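Peer 1: Counting from 1, one number per residue, gives the positions in the sequence shown under the numbering used here.
Just so you know, the hints here were simulated from the structure itself, not pulled from any lab data. Predicted model only: the values in this text are computed from it and were never measured. Worth double-checking, as some hints may not be accurate.
Stated by the list, open to error - Straight-line alpha carbon distances no greater than 30 angstroms define the calculated DSBU-like cross-link-like pairs of lysine-lysine that follow:
{"hint": "1", "residue 1": "K388", "residue 2": "K424"}
{"hint": "2", "residue 1": "K424", "residue 2": "K330"}
{"hint": "3", "residue 1": "K388", "residue 2": "K330"}
Claimed, not checked - Here are the computed distance ranges between Cβ atoms for each label pair:
{"hint": "4", "residue 1": "R384", "residue 2": "E294", "range": "51 to 59 angstroms"}
{"hint": "5", "residue 1": "E406", "residue 2": "R57", "range": "34 to 42 angstroms"}
{"hint": "6", "residue 1": "A295", "residue 2": "T427", "range": "42 to 50 angstroms"}
{"hint": "7", "residue 1": "G114", "residue 2": "T231", "range": "49 to 57 angstroms"}
{"hint": "8", "residue 1": "A142", "residue 2": "V300", "range": "51 to 59 angstroms"}
{"hint": "9", "residue 1": "E250", "residue 2": "A139", "range": "27 to 35 angstroms"}
Each residue gets a CB set at the ideal place from its N, CA and C atoms; glycine is no exception.
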Amino acid sequence: MSASALSTLTAALLMVTGAPAPQPVSVSARVETPAVYDDEAGGDADADDPAVWVDPRHPGRSLVIATLKEAGLDVYGLDGRRLQRIAAPAAPGEDAAPGRFNNVDVVYGFELDGERTDLALVSDRGRDRVRAYAIDPAAVRAGRPPLKDVTAANAAPVFSASEADVDDQRTAYGLAAFSDDDNAYVAVSRRSETRVRLLRLEDRDGRVGYRTEDTLDLPASFTLPNGESWTPCADPGDHAQVEGMVVDQEEHVLYAAQEDVGLWRIDLDDEEFGRPRLIDRVREYGTPWTYDPEAEEECVIDSADDPGFGGEHLSADAEGATIYHAADGKGYLLASSQGDDTFAVYERGGRNAYLGSFAVTDSAATDGVQHSDGSAVVNVPLGRSFPKGLLVTHDGEATPADGDREGTNFKFTGWESVADAFPKPLTIDTESFDPRDTD
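The task is simple: from the sequences and hints, build the whole structure.
Peer 2: Right under this line is the structure:
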């Protein structure tokens, strides 16, 4: 974000809240992936959400796996070079929707056909499934495409009651995966609804299926401190959906970003959802709005009548959430504040106290990050490229543009660049947590 953009944001917040907005610190990405384009020539590729797979023997050969919606998945090396493109499934019939890959996450060591197998798990919004891809370290070493589809043929829709319901597209949307001892799970949110479902993975004759363990419905409307009822901005018939999610598998906590509401903390007790607690609200929380189909954003926020019940750290949409692990339950929860192109940082422990925000800004190596959806951070050293950990962020506005084509991509930032940018530097802990240790 440019200095002028930050000044504009500060002025806007002064008008709404009457108080100075805290300034985010600036960090710079080191690597970026090739821009992709959401048009016919670009294969309808629209970057969205990344995950990081850590190579067990050679961390410098680790992978970034990222969704491209209708174009499927890309797999990148740590230099940002594309190593593999996996197409989303074709439509099963003339009137059916094709596959559309929304979010991705990684679990390690799932026992599949008698072998410990690392999996990339993807929410297929188009077909309302969770897709599973086995990650082959030997293929990485040999320079072959490392991902292979191992989704069970009988994997059922996550939310839809029938295949006809799939085409209504109230389907699998956000996704967060985690392991607990020998079991693996995914939390999946539903597009245009407040529902989140917990699935347990199953080995079905060497392929990956799943079954439902629990379901949670977050609130669709809220009682404000003044006693009035408020419903978040949404298209007619839709509700305040969740997309960005992450599970702290050491603490057994799911964090879920409800886009026009804020950030929820939900304990996972014996693989069941606990009672949700809203740990931060978006600035727009409680603000009146009207629906205008002629307007670009359709939901028009009435900032002049903001009652002041919103938070100070997130601008709608609240998006991609990720956990930086450190020793003794310490570390950080990061969440994308899409409305102002920043990332909020909270303590991982206690009551998730807010610590500050940062923006990924232009540098000699890459452009900055705008409108970010998904993000992923790992604390472990990844070879010479990222010896102190890595943060990957989606960039919804990759520049320079290719004429009228609007590009998107992913930015790779060394964790030390984020940690050292804060007045009180954040922790850098490369040893206390191993993402492969699921016990």
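Peer 1: For every hint, state whether the structure bears it out.
Peer 2: Now the hints, each set against the structure:
Between K388 and K424 the CA atoms are separated by roughly 18 angstroms; this keeps the pair inside 30 angstroms, and the hint holds. At roughly 15 angstroms between alpha-carbon atoms, K424 and K330 fall within 30 angstroms of each other, so this suggested pair holds. A threshold of 30 angstroms between alpha carbons decides the hint, and for K388 with K330 the separation of about 17 angstroms falls inside it, so the pair holds. Hint check: R384 to E294, Cβ distance near 53 angstroms, so the stated range 51 to 59 angstroms holds.
Taking 34 to 42 angstroms as the suggested C-beta distance range, the pair E406 and R57 conforms, at roughly 39 angstroms. In this structure, A295 and T427 meet the distance hint of 42 to 50 angstroms, their C-beta atoms being roughly 43 angstroms apart. Under the hint 49 to 57 angstroms, the C-beta atoms of G114 and T231, about 50 angstroms apart, fit the expected range. Taken as a hint, the range 51 to 59 angstroms holds for the pair A142 and V300, whose Cβ atoms sit roughly 54 angstroms apart.
At about 30 angstroms, the beta-carbon gap between E250 and A139 stays in the expected band of 27 to 35 angstroms.
Violation of the numbered hints given earlier is absent; every hint is satisfied by the structure.
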